[in-house]
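Heads up: the sequence lines are chains A and B, in that order.
Counting from 1, one number per residue, gives the positions in the first sequence under the numbering used here.
Counting from 1, one number per residue, gives the positions in the second sequence under the numbering used here.
Careful, some of the hints might be misleading.
Computed Cβ-Cβ distance ranges for the label pairs, DEER-style [to be verified]: (1) B/525 x A/161: 51 to 57 Å; (2) B/133 x A/68: 54 to 60 Å; (3) B/497 x A/45: 42 to 48 Å.
For the record, the hints were derived by calculation from the structure and aren't laboratory data.
Built from N, CA and C at the ideal position, the CB exists for glycine as well.
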Amino acid sequence: MNAVGDKKEGQLVHPQKLIVWLLIASIVMVFAGLTSAHVVRKAEGNWLEFEMPSVFLVSTILIILSSVTGHLALMKANAEDFVKSTWLVIVTFLLGIGFLVTQLEAWEVLKADNVYFGGELSNPAGSFLYVFSGLHGAHIVMGLGFLLYVLKAVLSKKLEIQRRKDITEMGITFWHFLDGLWLCLYIFLIYNHEIKIDYGDRSN
Amino acid sequence: MSAVAHEHDHHHEESFVTKYLFSLDHKMIAKQFLITGLIWAFFGGGLSILFRIQLGFPNADLSWLEPLLGNWIQEDGKMDPNFYLAAVTMHGTIMVFFVLTAGLSGTFSNLLIPLQIGARDMASGLMNMLSYWFFFASGVLMMISLFLETGPASGGWVAYPPLSALTDLGEAAPGQGAGMTLWLTAMALFIVSSLLGSVNYVATVINMRTKGLTFDRLPLTIWAFFVTAIIGLLSFPVLFAAALLLIFDRNFGTSFYLSDIYVNGEALSHVGGSPILYQHLFWFLGHPEVYIVLIPALGITSEIIATNSRKPIFGYKAMIASILGIAFLSFIVWGHHMFSSGMNPFLGSVFMFLTLIIAIPSAVKAFNYITTLWKGNIIFTPAMLFSIGLVSLFVSGGVTGIALGNSALDIQLHDTYFVVAHFHLVMGAASFFGMVAGIYHWFPKMFGRMMDDRLGYVHFWLTFIGVYMVFMPMHYIGIQGFPRRYYSYSAYDTWSDYVNPETFNISMFISIAAFITFSAQAIFVFNFIYSALKGKRATQNPWNSNTLEWTTPVEGIHGNWPGEIPEVHRWPYDYSKPGAKEDFIPQTVPFSETPESNLEGEA
Ligand code: HEM
Ligand SMILES: [Cu+2]
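Start from the sequences and build out the full structure, keeping to the hints where you can.
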């Protein structure tokens with residue numbers, strides 16, 4: 001028997017799926033806390049202005065694509081075409097790796113641009129960017145782990161069909177969430193990373 | 001259903017390890033939380049006794065404590081000020097998180113959720129077990145930090161930067177090096193534990209209620225645990241965010257919270273940060289946290305007061321609504337901890353307004369407890385006494401909250417003993433009373449035996465009077481301007497008249513009251529251990545209660561019910577129903593069996 005069990009008669013929702021949603025809620029709160037901190041901190045001035053590395057756009061495209069393939073994987077799983085589903089999960093996984101690589105790439109660009117995470121030259125404006133990207137990346141790593149679990153399920157001959165569908169659904173739900181989370185962070189950063197008011201003489 | 005029952009029929013032999021250590025059974029995990037929480041309570045309380053010795057008797061020769069504290073007692077027989085600060089910090093941390101969060105929610109959510117909703121176990125036994133072991137690991141780290149040469153964290157339980165963000169010895173207190181690092185790591189583990197627990201509680205309550213147990217028939221205990229878990233799920237992640245940035249500031253050279261800090265005349269390299277940012281993040285958890293601590297205690301009290309007044313709880317729906325109201329409001333009042341942080345006065349008034357609104361649902365609860373008691377056939381079990389004590393403490397501590405909620409007053413009273421008095425009554429003592437009440441009441445469910453009543457009464461009266469003797473005087477010295485967390489007051493002219501060590505003074509009074517109250521807990525410890533081993537055997541339903549946990553066998557089995565899970569046919573508060581044969585009708589009794597007492601529409 002698995003840890004939580006399948007949906008039983010009389011239950012409102014599938015217990016494991018509910019747990020995935022609850023975890024999503026708590027992750028949302030972490031980022032809500034951090035983005036609010038970003039807003040509050042920015043309002044206090046002394047904020048470094050810098051260009052958002054354009055490679056973030058590449059990551060964004062990659063992760064959107066991965067969501068599309070992930071969704072297709074789920075559709076195929078639900079249609080019980082587990083062979084196609086397997087391939088789509090693998091593509092999703094690889095796109096996820098690609099996302100991570102481009103994120104690290106962006107860090108290099110930032111460093112080359114003198115935007116640092118820590119140390120004497122750092123400013124919270126830059127540090128926040130690293131934290132968002134890094135912490136989201138850590139969740140992507142979790143998500144990739146989850147995708148591997150999904151992969152195991154779609155490949156499995158032993159599990160019941162319904163169980164294989166459920167696992168796929170949960171994994172892909174989580175993956176979509178990570179995609180959405182990145183989009184929110186990206187849009188947030190585009191509009192918020194610099195102060196858009198003219199505050200006169202900035203020589204200090 | 002039968003398939004489920006079947007799963008639990010075949011009994012497999014369990015080893016010591018799977019039964020007592022890595023148990024997946026919610027009842028065992030509840031006991032693990034309880035015992036661990038009580039051990040922590042002993043340490044947390046012990047620390048407070050140590051710093052009360054210092055506060056009450058600043059000139060005393062403490063060399064007799066050297067065997068215990070070693071170098072923390074200086075050559076001249078005085079307590080090391082750094083140790084004093086560390087003790088205050090660890091007392092707060094241990095009590096708030098380890099005792100009143102893990103020890104209270106962990107114990108009673110685990111014990112009662114499956115039993116009162118008619119489930120065989122939690123949604124995920126594995127996550128439940130992990131929740132305990134993360135808590136345990138967190139405790140191990142915290143415990144190690146107590147024994148470090150440089151001492152544990154000493155910047156206060158709220159861990160405000162810049163103090164908490166400076167790592168090198170000498171920059172802040174010695175405990176802010178390794179001690180603070182351990183503190184942060186322990187808290188991170190604690191947050192994981194708490195989230196695992198909360199996720200599980202929510203999933204279980206939503207999904208696994210037995211047939212007929214709709215949300216408007218749930219015992220108020222379950223409502224309380226459910227809402228508490230949701231609050232935890234939404235607020236602990238924010239503490240995680242706060243701690244994460246703090247860790248980066250400490251170990252990776254970022255400047256989220258630090259700017260323009262001068263140590264020994266030299267500027268640190270950190271620029272651009274804001275310590276106020278941390279306060280916002282911390283109190284966004286911190287305020288909900290105080291309700292995470294209190295709401296389960298209120299839930300326990302609701303159940304015990306209704307049972308022992310032999311009356312339905314007054315205003316069941318209003319009780320639910322006020323729990324929900326308090327929970328919602330608890331997320332938007334955190335600013336009242338920061339009135340004196342230089343906050344925009346307009347924002348201050350918004351927070352003041354929202355804060356004062358909390359008084360309404362809180363008053364609804366207090367009122368409903370009192371009206372439940374009113375004209376009840378009250379049975380004074382120790383659990384009942386502690387529950388009534390909770391109501392008293394909740395009222396007297398809540399009233400001072402309303403005073404503090406006014407920003408104009410708070411600017412005077414902030415960080416004085418008045419605040420210490422406020423939150424110890426309303427949160428510390430009230431929740432502790434709720435926890436103890438829960439232990440007396442559900443002891444037969446946990447250990448199959450009864451606790452001794454007479455010892456319980458002595459324990460109650462000493463604790464109840466003791467707690468008031470400790471905290472009431474603190475209001476006065478708070479108004480007098482005594483700041484909290486000071487090592488010694490007699491050195492300052494302003495206060496030396498009040499705490500002149502040559503004469504008997506108010507600080508000594510508080511300390512002596514604290515010693516007595518702490519010692520009185522020995523009676524409880526004795527009662528607990530003795531009764532667990534040799535107490536009177538419990539009957540199945542010792543308090544003639546309506547809820548489902550009292551339909552399970554006394555000895556407590558895997559899967560909770562030997563046969564089918566009972567169905568629920570009514571709400572849990574049919575006590576002294578007019579016309580009924582007995583003064584209680586368990587939730588499992590269908591209306592068709594009680595035509596004599598059915599109200600209109602109940603058939
Ligand atoms: C009528 C309801 C309440 C109001 C208006 C209220 C208001 C306040 C205010 C304004 C403060 C800040 C004081 C200061 O630091 O200057 C405060 C502190 C505190 N309150 Fe309350 N409170 C209420 C109920 C509660 C309850 C029910 C609890 C716990 C269950 C609680 C726990 C605390 C704690 C722990 C602190 C101090 C935290 C610290 O600085 O270490 N309060 N309260
Ligand atoms: Cu508060």
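Hint by hint, which ones does the structure fall short of? Number 2 - this is the single hint that the structure violates.
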